[in-house]
Each structure stands twice: as structure tokens, then as C-alpha cells.
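Two independent chains are provided; combine them into the complex using the hints.
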Amino acid sequence: MSLLEIEQLRVQYQADRRMIPAVDGVDLTVGAAESVGLVGESGCGKSSLAAAVVRLVPVASGTVRFDGQPLEQLRGGALRRFRRRVQMVFQDPYGSLNPRMTIGAALEEALAVHGLGARPQRLERVAELLQCTGLDPGYAGRYPHELSGGQRQRVGIARALTLRPQLIIADEPVSALDVSVQAQILGLMSELQRSAGVAWLFIAHDLAVVKHMCSRVYVMYLGRIVESGLTTAVFRRPAHPYTEALAAAAPDIDRALAAGGAAVPLLRGEPPASGTLITGCPFHPRCPYAREICRNVPPALENLTEDRRCSCHLARERWDAADV
Amino acid sequence: MDKIMEQSPACGGAVDLSATPLLSVEDLHVEFSAAAPIRAVRGAGFTVAAGETVALVGESGSGKSVSALALTRLVAAPGRITAGRVMFDGQDLARLPQAELVRLRGSAISYIFQEPATSLNPVFRAGYQVREALRLHRGRRGAGREMVEELFRLVGLADPRRCLRAYPHELSGGMQQRVMIAMALACRPRLLVADEPTTALDVTVQAQILALLARLQRELGMAVLLITHNLALVADVARRVNVMYAGRVVEAGKTGEVLRHPAHPYTCGLLAAVPRLRGDADELHGIPGSVPHPAHIPPGCSFHPRCPRAGPLCARVDPEPEYFEEGRMVRCHYWK
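Chains C and Z supply the protein sequences, listed in that same order. Taking the working numbering, the leading residue of the first sequence gets 1, the next gets one more, and so forth. Taking the working numbering, the leading residue of the second sequence gets 1, the next gets one more, and so forth.
The shape of chain Z in the complex, shown without the other chains (with noise of 0.2 Å):
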């Protein structure tokens, strides 16, 4: 565990590669039943190793936060897992019982989410929400007030004491996050899972929230799964990123030779169309069209009515995906 195979300042963890992957997930599917079947995920895959960072990129309706709730089948009904693996330390989620499920939620793999004001309870304390945490996955003992006001001190929340008596309204969007942020460490999980957790944010707490997330995960050793559609984030925290496009990944590899190189055209129009701080590259290209609705996937290659390079093929026949160099994969007919 302790072997140290890589070291990144932009990840910030020590990654073990040459072991099983903590979490690999196998072509899942994730279909919500209505009058036309609605794929939001269709066959993704990826791995997180243990004290990696991974990021999961893509546009609204890509199918990245379903996938993520998945991992933990906490998609509600009707939607469900209709075909796939989700491998987390020798065990498929996708199938353990769901008592077995309900345990490692929270204590092995845990989340924070866009908007923490949603995601906290308006009525109860701070400090009363995250003890509820503990006390559900350790009892009353593993319970105390110090624990979580160590815990608070940990997420570097200001005055602690303050804020486990707070209730969520009486602290700013930065120190819900935190408190959330804490609630999810409670039980050393392995794989913090963040969806779009500083979007609700502004830039200068997002950095703050962000060189946090850095420093626990040095610190405790935890893998992060972020999902995010902001690919500068990505470039800053990531160490490998999976881009997403209507329900599967079409592009994956290291973080700076997919954002250096992109090989899938869908990659390459993200990139031109990010508006960039630095530097004078000015003129800015949209990819033409929007993001197919989940209902209705072209047949073929799902990007190719907005694909610049699409040829007759696109329109008729799915890409396999197809690995290259090393961690590289891309689903595209043309990427050469």
C-alpha cells in the first residue's frame, strides 16, 4: 500500500498503479424506464486506483452524475442498472446485497455534491448532522463531540466550536462545503466521490475548498472520483480524466497528454471552446448543435451530427473503443 509509484503535485497522492484498481468500473448501463427507454448511461467504464485522482468530464446530460451514483446504486426509480460491473476492492456493487451496500456507503465510499445547502438538513446543527454520520456507522461510542470537532478542525473550518452549533443557514457556501466535506471523511472512506463540488462556489473558495480536498487526500491517503464539466478544473486536479459523451466515455488518458493531444474530435472542440485567461489564442469555436437528450441517441457514433470530421461511416456503424500509447482510449472511426 505504502509503495509510491508516482508522485504529482497536480494530484497531490501518492498513486499505487501496479496493484487491482480500489474501483473499476465495467460497460455499465444505467436506463430510467418511461414510454421510450432513457439511456443516460450506456457502457461506460473507467478505474480509479487507490489515492488517485480521476475526473469524469463532460456537458450536462453526458450521464457523469448518474455514473456516479451508480457506483453506489443510489440512482432512484425508475431508474436502474440494467448491465455492468462496478469493482470496488474485489467486490461487484452492482450486485451485493443491499445491507452489505447500505454499509460501505458512507464509510467506504462517500459524496459531496454541487450545492451543500441542498444537502444538508435546514432544522438540525451542523455538528448534530455529522455525528449522525458517525453514529451510524460506528454507534454511539465512535460518536463523540471532540471527534467531530476534530473533524471540523481538520476541514479547517475557523472556529469549530462555532460551527457545530450552527445551523446550516448561519454558514456561508464555503463553510457548508466544508461541513460536508467533513461529514463525508467521518469514517475515512476510500473513495471520495465529489460531484461538481465547488460549481455553487466562487473562484477564490473554489481554490480554497479544492487545495483542501488536495491536502486530505495526501494526508488520509484517499482516492477522489470528480465529476465536473469544467476542464481547467480537471487540468489542475487531475491525474487521469475520462470525458464523457452521451453515456460513455469517448476519450480517456493522462490528464496533460489528453488535454495536450485530444484524439476524439468531441475532446478537441471542448478545448477550443474554453475561454482562456492566459495567453492570446482569442477566438473561440462552439461545437454546433447540443448534447443528444438521453431519449434520443443518434444511431452510429452518438457525436457525429456535430462531429466536423464525420464520414459516412459515423452515421451507421458504432466506434469500438481503441487504446493507444500508454492509458490512452478513444471511440472514434477518424481520430488518426
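Isolated chain C, as found in the complex (with noise of 0.2 Å):
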């Protein structure tokens, strides 16, 4: 059993007398102490699919279990205790934090809200926290706008860590950082799953980061997974046509270097508007690959091999042709 389990999750937005799907059946699964990177373009769902998981927005159907346990049965002090083992982590630390408030009091509202611990030992835990996301305990006294981007975020962090979290959700933790402080925060993470056996659900639009982070990935397109399977695998050899286009379209280093070839624009236009309604395979409009079947029929999501997973019908033809 893994820890977070979502099987055949939608949630929807009303616009307009309608309903708009933003994450449009989902399946994943997060195992303990694992991370996990869900990558797409701005648009995809996967902030929605994030905020469904921790109930900040409803779901519309499908189920969301945690430690085996369905989230919609939840209520008063079981759905606050839940609150404590998952935590989210956001793209912008400084509109996640109150202005007002020092770093030791919003570290330590958690503890109070919650109602852990005695005024000394939630000190405690502030500074202990601080220092075991790399900041001076020294900081609890100061203001957000005293914190450079980097020291920020390690706070959002050190705050997801208040309630000992078995899995944090971070959406764009990383995104809206210089890439020398990017970095340190990338070693930070890593290394509270190791030692606090945290559990990561890693929301990212950046391959690069996602592989360096993440031994799993799923890729999500118009509210959908449209493949899924070990991170490493996955980016050297994409299944959908989808992730060969991300991948072929990341700005590389080595690549660059090595043929003098830039990124290669594989599609054309962008990801339409999530409720726009498409017949048959959600991507075959941009797709270079798509045949008359995909223009009508829908694709499933199948196994290819044993961690691979993908929805597109020539996934298996292409699969078995790059073999030879």
C-alpha cells in the first residue's frame, strides 16, 4: 500500500453555466519516503490536482486515500490530524508568508494552532527547525522582507516541516529561484527524505530538476496522465509523443555543446484552454505522429513494460519499431 493514493480523481471548475474538468480522472501514487515528479505545461492541472489532495479545493469524483485511509470521510479533528502528515510547499515563499509576522511566530502558529507543546518547546522546535533547513536561529526574530528568495523558501519549507509531515506536496518550489540557490534547496529536500523520511510530491514544469529530484514522473496533459514511469527511464526514452516533445524541447547544456543543436520545436501552437472539448486523443491536435484512430478514439492508459505507463494508441508500435 502506498501512502498517497489517488485513483480516478476530477475536479472541476464552474465558468460560465459550465463545468470545466482541470484534472480530468487521475491515478498516482506516492509510496513513503519516495518523491515523486509530476511535470506539464502551465495549464495541465497539476496545481489543481495538488490542491484537491490537501482539500483546499473540492473534489468532484474519485477517491484520495492516505495511509489507506479515503480523505471525503474526513471530518473535524480526524481531517486536522490529517493536516499534520501532508504539507504544501509554494513557487513564491514571499506570498506565502505573512509580512507582519516574524519566521519564529509563523513557525510556530502551526505548533499552537495544533495545539503541541507548551510556549518553550515550540521554541524549541522553531530554532531546531530553522537549523535543520540551513538557516541561523537568529532568524525567528526577523521579517520576510529581511530573508533573500533562497532564505524564504528554506523557511516554506522549515514550516511544512513544523507538524513532522510523512509527505509534502511542493508545487514550483524551485522555479522563481537563481540557480546557485536552486540548487542548495534541491540538496535540502533530498536530504530530509533521507534522514526525516519525507515523502515528496514534486511539481515542476523544469525535466532537468525533475530528474535530478524525482525517481518517479508523471506526465500530465489537459487534466490527464498521458504517461508515467521511472524518472530517468522515462526522459532517455519517451514513450508519448507528448514527453518527447518536452523533452526535445528543454534548452540543454550538453546537447547544445556536443552537436551545436538547439532545442528543437516538435509542436506546434500551445495547449488549448483545459475545457475545450476534443474528440478522441486530447493531444492530437499538436501531435507530429497523430493518425485518423487518434482523431476519434480516446486513448487508455496501459502498460508498455512493467513501470511504464502511457496513453497514446501508436505507443506501442513506436515502442516496438525504436527497439530493433
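Hints are computed from structural coordinates only; laboratory data are not their basis. Backbone N, C-alpha and C fix where the C-beta goes; we use that ideal spot for every residue, glycine too. Honestly, I wouldn't trust all of these hints.
A few chain Z positions that, by computed beta-carbon distances, are all more than 10 Å from chain C [unchecked claim]:
no.	residue
1	D27
2	R80
3	F324
According to the in silico footprint, chain Z covers these stretches of chain C (three or more CB under 8 Å from chain Z) [said to hold, decoys possible]:
no.	stretch
4	45-54
5	135-145
6	184-192
7	200-212
Next comes the structure, spelled out in C-alpha cells:
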């Protein structure tokens, strides 16, 4: 049993008297102390999925189970206890910290809300949190504007760690940071996975960051998972044309230096707005390989190998052809 | 002009390196006056040849965007150029009379920025805004609707007629950036300054915009100064690169050589911090600390507090630029 099990999750938003599906039947699991990536372009539904897991937005249908327990049944105290075990880290740490609260107060608040420890113990825990995220305990008295972007994201992570969660959902946690600082934060996240046994659901658009951080990855397009598998294998040999296009479009130092070749735009156009009605495979209007069947029949997510799943009518054929 | 000295597939253009460069920035200083003066650019220097793509790469606060704006004196008060020259086509733009400078902006040098949505006026149609650019520089006659439609076709907007009449919010991010590029190219500039032109876009759209810029550059023979924080982007598109740190260029040279054999410890550090999609090198190394605030630049070499190679000399003496090989420059006491 996995720590987090998502089955056929649907999330929808109302717009102009009609329901727009943002997440459209997603299956996803995260094991204990595992680090799992979720990638896709803006608007693909990856952040909605995260918000639904922590019940920040309502689930339209499907189940989310944490440690075997279905979340929709949780109420009151049980829901509060669940929230201790799953935390979130957001992209913009400045936007998610109260500018009028000191760092120490922000970290202590969660402990107070959950009624954990007396004041001296709480302060002790705050100092410990700052230390383990690489910040001087003296920062407890400072305000968010006195910190650099990297330091603020350390605070964001420290706050997520306050209640000793088993799973942290991180939504683009490093994309606002400079590359020299990004590497520090990624290092910290990996270290917490090893030392504190934290599992990460890591949402990002940067494939290289995901490859570095996660052992498994899910690729999302228009609210659905189009491919999943072991990260290194998926990026080395993508099965879905969309994954292939994402990997080809990502600028890459090694490729540029080796071949003098720039990133290749395999795709035309941009992802359609969610809610656009597309018959057949949702990707077919942008797919360079689309055939008749793709225009009419939606493909199912099927196992290609033991670890690899892909929803593409041509996946099997293309996979076998490339094997020879 | 037509003499082809070097053809590089990565930068896509024919580059004439024999002549004086199109743009030559020398010892540029930009300060923002405050209680303690904020020295955003402290003696930056770089060149761009006609038709060439050159990158200024650095992290936030390195002074790369301020340098780009200072080329045409677009730095807003209380910021101002306190020293240095910006030689463009034989004239010093830092000292050119305002009226002449205004004529150059948009016609000889134009800009595209990171957020196309904030660069476009939300209450005017896209076509009107591009025509306005043409009208300013060419008068009423030079700004026909057909001309804008032609420009929209050139930048690969799928339905140019519809885009002419569209308001910015009716266009996607990629289409908005194409409109910005159309506007920037309206008067056939000789230099396009692209400040993080694809940072707000998805990678698939980024690849399209970069391919578009490379094609336009080839067809129109224009030079591009690319401002970015992304080394992978630099590797993809720029022929030469200038690495900026704390307001100056600390390393420069041909892109391939700088990225393969970095000389400055900061460049080495940046390269070790970038996660790679290909290859198995998996260990990431951040650079300890963060970029100094321009009001508190450390004495001596500005990188020394974060530098793994720093010696006693570095905290006291600011290293001078040293030149080696062909076109390589580095500012470091211990680069050898």
C-alpha cells in the first residue's frame, strides 16, 4: 500500500454556467519516503491536483487515500490530524508568508493551532526547524522582507516540516530561485527525504530538476496523465509524443555543446484551454504523429513495460520499432 | 556587410568580425542614488558585432537588465549612467542628445521583455499598437494595415487578420510575445535586445519563439543581445557569452569554450548548479550564500565570500580583467 493513492480523481471549476474539468480522471501514487514528480505545461491541471489532495479545492469524483484512509470521510478532528501529516510548499515563498509576522511566529503558529507543546517547547522546535533547514536560529526574530528568496524558501520548507509530515507537496518550489540557490534548496529537499523520511510530490515544469529530484514521474496533459514511469527511463526514452516533445524543447547544455544543436520545437501551437472539447486523443491537434484513430478514439493509459504506462494509440508500435 | 566570416548553426547568422562591432559598451557604470548609492552596474563592458547573437548571463541582481536598459538610457530615475561609453554605429549613446536617442529607440535598437502581457496596452487592439510603432518612426504613410499584417505573418501568427483586431487578453502568452516581436521588428532594427524573452513561457512555446528569433535574425541580418539567467538557453542560441556578477562581466568568450572550459570560479559554480536532463552526472552543487545586494558589494573581488578558491588577496584586491586565447576574458586572481 502506498502512502498516497489517488484514483480516478476529477476536479472541476465552474465557468459560464458550465463545468470545466481541470483534473480529468487521474491515478497517481506516492510511496513512503519516495520522491515523485508531476510535470506538464501551465494549465495542465497539476496545481489543481495538488490542491485537491490537501482539500483546498473540492473533489468532484474519485478517491484520494492517505495511509489507506479515504479523505472524503474525514471531518473535524480527523481532518485536522490528516493535515498534520501532509503539508505544502509553494512557488513564491514571499506570497505565502505573512509580511507582518516574524519568521519565528509563522513557524510557531502551526504548533499552536494544533495544540502541540507549551511555549518553551514550541520555541525550541522553531530553533530546531531553522537549524535543520540551514538557517541561523537568530532568523526567528526577522521579518520575511529581511530575507533573500532562497532564505524565504527555506522558511517555507521549515514551516511545512513543523508538524513532522510524512508527505510534502511542493508546487514549483524552486522555479523562482536563482540557479546557485536552487541547487541548495534541492539538496535540502533530498536530505530531508533521507534523514526525516519525508515523501515528496514534486510539481514542476523543469524536466531536468525533476530528473534530478525524483525517482518516478508522471507527465500530465490537459488534466490527464499521458505517461508515467521511472524518471531516468522516461526522459531517456519517452514513449508518449508529448513527453518526447517536452524533452526535445528543453534547452540543454550537454546537447548544445555536443551537437551545436538547439532545442527543437516539435510541437506547433500551445496547449488548448482546459475545457476545450477535443474528440479522440486530447493531444492529437498538436501531435506530429496523429492518425485517423487519434482523432476519433481516446486512448487508454496502458502498461507498455512493467514500470511504464502511456496513453497513446501509437505507443506500442513506436516502442517496438525503436527496439530493433 | 555581406562578407561572411563565420557561419554558426547555433547562432544562425552570418557575422562580420573584421569590422568595428555594431555595439561596444565600455566601462559602463549605473548608479541608483539612495542613502547609500546602489551601484547596479560597475564597469561592465561587452561588444556585439553586426548580425551576431551575444548573451549576458547572470543571476538576479547581477546588473544584466540594468545594463541592457542603459544602452538607450532607459534606466528610470533615480538611476543614471555615471560613467562609461555606449558606442553604437560610431555614436556614443550615453551622450547623444535626447531627441536623437528617441529616434534610435525602436528603429535601430529595440527591445522585447519577459512579460509580454505587461508590455502591451490592454485597452488597444494588437494591430493598432504595432501600427503606432511604425507611425512614430515613419509617419502616417509608413503604417498601413497591410504592413502590420505582413509583420504578423513574418512572426508566425497563425491568423494575422484576427490577431490585428484582437485585444492582448484574447491572445495566449506565446502569441503576445510574437506581437511584441512584430512590434520590435517593425522598423527593422539592427540590434534586438531580448531580456528574458521566454522565461514566462512554457518550454514547447519557448522553443518555438527561439526558433522564430533565429530565423528572423538570419533573414533580417539583425544582431541580438540576449539577457538571461538560463545557461542552457545561452548554450543553445548565443555565439558569445558574457557572465555577469555583481555589476560587471567576470568572464567572456565564445559560448562553447566558456561552457566547456570555464575559467572563473563563478562560471564553474553556475555550471555545477544546473541540473542536466541528459547524462548521468547527478550531483548538484549550489554556490553557498547568495548574490550580494548592489548596495553592499563586498570589497576586493565581489565574489570572494562565496568563492571556493578565494585566497587572502581576493578580499583586498579587485582583480583586473585578463585576456587569453582568442576573445577570452576573466577577472580572477587564481583562474590559472
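| request: Please write out, lowest number first, the hints stated earlier that are contradicted by the structure. | output: Hints 4, 5 are the ones this structure does not satisfy, whereas the remaining hints hold.
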